[in-house]
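Chemist: Chains as they are written, first to last, in this note's numbering: chain A, 31 to 402; chain B, 31 to 402.
No lab work stands behind these hints, which were simulated from the structure alone.
You may find that some hints are simply not true.
In this list, chains with the same sequence are indistinguishable; a pair is considered to hold if it fits within one copy or across any two.
DSS-like, lysine-lysine: derived pairs with alpha carbons at most 25 Å apart [unchecked claim]:
(1) K375 x K270
(2) K352 x K270
(3) K37 x K95
(4) K315 x K375
(5) K330 x K149
(6) K270 x K95
(7) K352 x K375
Since this is a predicted model, take the numbers as computed values, not measurements.
Protein chains: 2
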Amino acid sequence: MLATETKRIAPPKRLMYGPGPSMVDPRAYEAMAQPIVGMRDPYFLEIMAEIQAGLRQALGTNSEKVFMVPGSGSAAMEAAVVNFVTPGSKFAIFAAGHFADRMTLMGQRQRAVVVRLEKPWGEIFTAAEAQDFIERERPDVVGFVQAETSTGAYQSGRNITAAARAVNTLVIADCVTSLGAMPVEMDAVGIDVAYSCSQKGLSCPAGLSPIAVSPRAWERVEKRAELPFSWYLDLAVMSKYFEPPHVYQHTPSPPLYYAMHQGLAVIEEEGLQNRWERHRRAGEKLVEGLQRLGFQLLVKRADERIWHVTTVTPPDSVDEAKLREALLQKYNIEIAGGLGQLAGKILRIGTMGPLATEENVAFLLDAIAASI
Amino acid sequence: MLATETKRIAPPKRLMYGPGPSMVDPRAYEAMAQPIVGMRDPYFLEIMAEIQAGLRQALGTNSEKVFMVPGSGSAAMEAAVVNFVTPGSKFAIFAAGHFADRMTLMGQRQRAVVVRLEKPWGEIFTAAEAQDFIERERPDVVGFVQAETSTGAYQSGRNITAAARAVNTLVIADCVTSLGAMPVEMDAVGIDVAYSCSQKGLSCPAGLSPIAVSPRAWERVEKRAELPFSWYLDLAVMSKYFEPPHVYQHTPSPPLYYAMHQGLAVIEEEGLQNRWERHRRAGEKLVEGLQRLGFQLLVKRADERIWHVTTVTPPDSVDEAKLREALLQKYNIEIAGGLGQLAGKILRIGTMGPLATEENVAFLLDAIAASI
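One chain only, chain A, in its complex shape:
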């Protein structure tokens, strides 16, 4: 008899205070229990269109080209890179964290010339730095991370897009952690390609990842001379499924669509601005509380912080791995350690969706206080 036989799924009820995956909204669970339908069923196409409309709102874009990449946030990152970063072209990356490094790897795999402006992890880029870098390199495409989950640093991207547009360079923005919890404002900021995920600010499970493309970027897709290396992530092929006549490309996952539909409905009911404000306030409370407990913030300036992902170094007396283990064992609380060069050095704490309230922040702070 194998281990799976007769066994039912009975996970521990974790409180997902990490930087994502975050708590799934109860309405998303309810939605996933609803029966699947076919990929071109009239009902499914209705849900698809409503998700696209909801994503346009949450991303802050009027672009028609909004799709749900069938995969994790990294699939959406790769979709952005393979469709816009061509072999031999110059791809300039603003690099101050793990996900900028991941974007670098993907650019290199496309056999592009990847150049990087590097700053210490946790910092963001000034307008002068962006302008200088872009004017010097004159890249075809630039990439930056709006909310760098590995460091807790946020920048809208306005410093970067202005310089990029001046030299007709496309701007790819990693909005994996910003969408649904703080401003993306794709059109207002001037982002050409914004991608995200489902398992952070949208309070859904992972596996379905939004991508939006500006009209001027879409022109490049239409005029391209060479096909991208990926068929699965080719947006020209994929778009034909998301637009009439909805030509079969991949088989979508209805439960993930149903969940995202409800995640977006919850955001619309609360109001996007209200939701941002709630995440901002919860983050402030968490920052205050952690400082009281002797934790040091990695991102010094409040206006450079992701509201809902707080990164701290623990007091000398606290072992970060032991604290994480204690919280998991005693309270079913998941928080995360650092990634890459910050592994073992920092803690990353998320307060997203249902957890972004004063009560839930207080509960977490009490648990941490009792465990250090």
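With chain A held as given, fit chain B onto it using these hints.
Modeler: What follows is chain B alone, placed relative to chain A:
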């Protein structure tokens, strides 16, 4: 107010008699309603290992290298191609259907030299044809489709693997439609890279796609001179998440894992051989009934047919699109039309998982009889 606001998910209850997505097992729905946990949570790693064990059984392999690609079956196809078909190498494809054509496109995107042995859609390849093609072309990799969903034709692959092994050629097999409903038998057949999906024979929703790699194929991954174009689907990177120390690569989707765990548990409880036999019998009943109603089989020989995907041309008096529409409207039954060159010409009818019973076949036949 947007369309999504306050709206709950309330899909029609379709009977999924298409070639996939098929009916989701009730236990998979129940599993998806369970709370998510983190991607390295001890509970999640336990579920992951049990899925891998269940997949080894269902695929018929002892290989340690069994992974769940985060995406649809086409993501798994692309994972197979990008990891084993290198630029400039020769990729030989046995082409008699839509999914062999898709594999061709993916091979071309890798800048490989793709050669094809073409036969009419619905046919399979003899040992002599396979041997002649492989000896003539001496390819680095061959690709074939074990169960060609677009035509209803099945071939185990034994005719192909024998010739391929004789010249040290790797064999990629598309097992998207065979897994869980009829024999894959990866090791016994001699397949090196087998990939599949979740939404057909496993009775799960789409979005998580198994791939298994033989030891001799994995050696090529380890000895490769150049990185594949894809980072997201790079099996060397991905494998580090599926094996200790479970290094973060992508964020997995817990509901899809939970569903697959239960899908495999249901198969183990029934017994793989029993399940195959049930699908075989249901397919026979359907074939008999459709012939009685005047439908013609596309695949003439019984031993070349996919048991659970039956492909037929309707009688002259029947318009296939109108029949599909009538079944959907009157009975909530989804069946599918043809793909590509068979669009408008054939119907594709699936009897998988919960629907592969005599009663459910009889119900479908009654509905068809009443609609033509």
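Chemist: Against this structure, judge whether each hint is valid.
Modeler: These are the hints, each one checked on the structure:
Taking the shortest Cα distances, K375 and K270 sit within 25 Å of each other only across copies (22 Å), while inside one copy they are farther apart (46 Å). Within a single copy, K352 and K270 get their C-alpha atoms only as close as 50 Å, which misses the 25 Å cut-off; across copies the closest is 24 Å, which meets it. For a Cα distance limit of 25 Å, the shortest separation of K37 from K95 across copies, 24 Å, qualifies, whereas the shortest one inside one copy, 43 Å, does not. When the C-alpha separation of K315 and K375 is checked against a cutoff of 25 Å, the pair qualifies only within one copy, where the shortest distance is 22 Å, while the shortest distance between copies is 64 Å.
In the homo-oligomer, the alpha carbons of K330 and K149 lie at most 25 Å apart inside one protomer (15 Å), although the nearest pairing across protomers, at 66 Å, exceeds that limit. For the homomeric pair K270 and K95, the shortest alpha-carbon distance inside one copy (11 Å) is at most 25 Å, but the shortest distance between copies (34 Å) is not. For a Cα distance limit of 25 Å, the shortest separation of K352 from K375 inside one copy, 12 Å, qualifies, whereas the shortest one across copies, 64 Å, does not.
The structure shown violates none of the earlier numbered hints.
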